[in-house]
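There are 2 protein chains.
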Amino acid sequence: MIGLGSKGPGGITLDARKALGDATVVIGYKLYLEQAGPFLRPDARRESSGMTRETKRAEDAIEMALKGEKVAVVSGGDPGIYAMSGVVFEVAAAKKIPLGEGKGELSIKVIPGTPALTAASSILGAPITHDFCAISLSDRLTDWELIKKRLSLASRGDFVIVVYNPRSRGRDWQLGEAMAILLEKLDPDTPVGLASRCGRKGEKGRIVTLGTLKIEEVDMQTLVIIGNSTTFVWSGHMITPRGYVKKYGSGERVPDEGEGFENEDGEES
Amino acid sequence: MIGLGSKGPGGITLDARKALGDATVVIGYKLYLEQAGPFLRPDARRESSGMTRETKRAEDAIEMALKGEKVAVVSGGDPGIYAMSGVVFEVAAAKKIPLGEGKGELSIKVIPGTPALTAASSILGAPITHDFCAISLSDRLTDWELIKKRLSLASRGDFVIVVYNPRSRGRDWQLGEAMAILLEKLDPDTPVGLASRCGRKGEKGRIVTLGTLKIEEVDMQTLVIIGNSTTFVWSGHMITPRGYVKKYGSGERVPDEGEGFENEDGEES
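As they're listed, the protein sequences go chains A and B.
Residue 1 is where the first sequence starts when you use the working numbering, and the numbers rise one by one after that.
Residue 1 is where the second sequence starts when you use the working numbering, and the numbers rise one by one after that.
Chain A on its own, in the form it takes in the complex (with noise of 0.2 Å):
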């Protein structure tokens, strides 16, 4: 399982390209396909996929690897968060294929790449920071009552939120149902941050407010992510503060607030 993350051909990992390179098999969605083809063996065979069923492909995967192919499934971003390392473990076990290194074992290795999420914040400034919800507002798979219980939810923890595949063709009443649910709870003056096509051609980052938003700025390549009561902008760049900076003077040294969040160790907090 290979993340190719969400900036483009830089944005791939060394793991991850080395990875691609030892693939005897690619499979993934065809934009997938054509990131990862520099990076491929010239004899790699392609097994590219257009509007097929992501069980189907799992499955191919687990077929092609069982017989000794060394076989790499390529997602944009990170494998392990709305792509397709999940259904790949759940097809083995609904298979019940045995996972390790032994004979007659699958072996599955998850290569991180970087989510949609971090390329959609470092365009937009520093707008999630600390904790937050990553929420899809598809209801293919998931029920509507539960994405909007989990809206509330989000918007009542004072959590920064990410919202994936906030329309898409034939799906396009979601956002705005979803922006009534936490305009009930947020004020309409908090930034919200747009970005799109994050690592492609045109790349854009456009920040409004919750109040502001209109649902026709929002495509199917756009992130939207809603800051918390915190959430600020500075000269055209959303930030969420840590909470360091207590007092903002004009000039004057900031004074150093709270303790260092690395302790001896180098963990953050």
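Misleading hints may appear alongside valid ones.
Note that identical chains are pooled: a pair holds if it fits in a single copy or bridges any two copies.
Claimed, not checked - Dumping the calculated SDA-like pairs for lysine to any residue here, alpha-carbon to alpha-carbon at most 25 Å:
id: 1; residue 1: Lys109; residue 2: Pro42
id: 2; residue 1: Lys56; residue 2: Val233
id: 3; residue 1: Lys204; residue 2: Pro9
id: 4; residue 1: Lys148; residue 2: Glu177
id: 5; residue 1: Lys70; residue 2: Gly8
id: 6; residue 1: Lys30; residue 2: Glu101
In case anyone wonders, no lab produced these hints; they're calculated from the structure.
With chain A's structure known, arrange chain B on it following the hints.
Same frame as chain A, now just chain B:
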């Protein structure tokens, strides 16, 4: 702002590697400077910090950048998630420094890295897959009442919950309280993944349950991932299914369920 990723030297992206190679000054916690070392110019100045305050690090970085240095602030993981990006932007805003490419403006580029949650996920199986919350148990700068509220709300939304900073020296009661809060709502059989020292020597994944988790098993370098109501364990791996496979049979072909989650434009849902 450069994220080094969470999987050691191989986890760095091509963009990050290039940016490190361009820097004239590199600032960061000493552990991250060591990780960045191989990618730096021999004449790059290294500004290592131990227990120094993050605001000072940010101030120094900003000051040097305004003087024309190519400053790289390095963080582990992704700069925008529990790392330095928020601090740097926060300090710039506090000092009212305009951001941009023009004269007198501060240019901040954020280069994403794979956040710890993707590394943790990759060694446990596919524990996240869909909607999730990230919550830090560090109450240094965040009120414990708010953290408790977030845990409670997250458990009621059937999110997968990623717990950052579950424990550290001098801060070891929070995890127990957090587990108690989650157990008010979640099944004690809920799988919980413990991912330690991701990307470092001794990297380790362990799967327990909410009811059997022992605080002593969790240390300063562990990320804790609590499954949602559908999460299960198969063959030593923690799996949160997307919901494609509704029936589980022994060896029979898995029926295709639902629609693909990628539309023509490659959007994942």
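Inset, instruction - Classify it for me, Lys148 with Glu177: is the Cα-Cα distance of at most 25 Å met within a copy, between copies, both or neither? - result: This pair counts as within: shortest intra-copy Cα distance 8 Å, inter-copy 28 Å.
Inset, instruction - Please work out whether the CA atoms of Lys204 and Pro9 approach to 25 Å or closer within one copy, between two copies, in both situations, or in neither? - result: Cα proximity of Lys204 and Pro9: one copy only (17 Å, versus 30 Å across).
Inset, instruction - Give the relationship of Lys109 and Pro42 under a CA distance limit of 25 Å: within one copy only, between copies only, both, or neither. - result: within (22 Å within a copy, 35 Å between copies)
Legend entry - Alpha-carbon proximity between Lys70 and Gly8, which holds within one copy, between copies, both or neither at 25 Å: both (24 Å within a copy, 23 Å between copies)
Inset, instruction - Please work out whether the CA atoms of Lys30 and Glu101 approach to 25 Å or closer within one copy, between two copies, in both situations, or in neither? - result: neither (30 Å within a copy, 36 Å between copies)
Inset, instruction - Can you give me the call for Lys56 and Val233, within, between, both or neither, at a CA distance of at most 25 Å? - result: This pair counts as between: shortest inter-copy Cα distance 22 Å, intra-copy 45 Å.
Hint 6 from the earlier list is the only one contradicted by this structure; the remaining hints agree with it.
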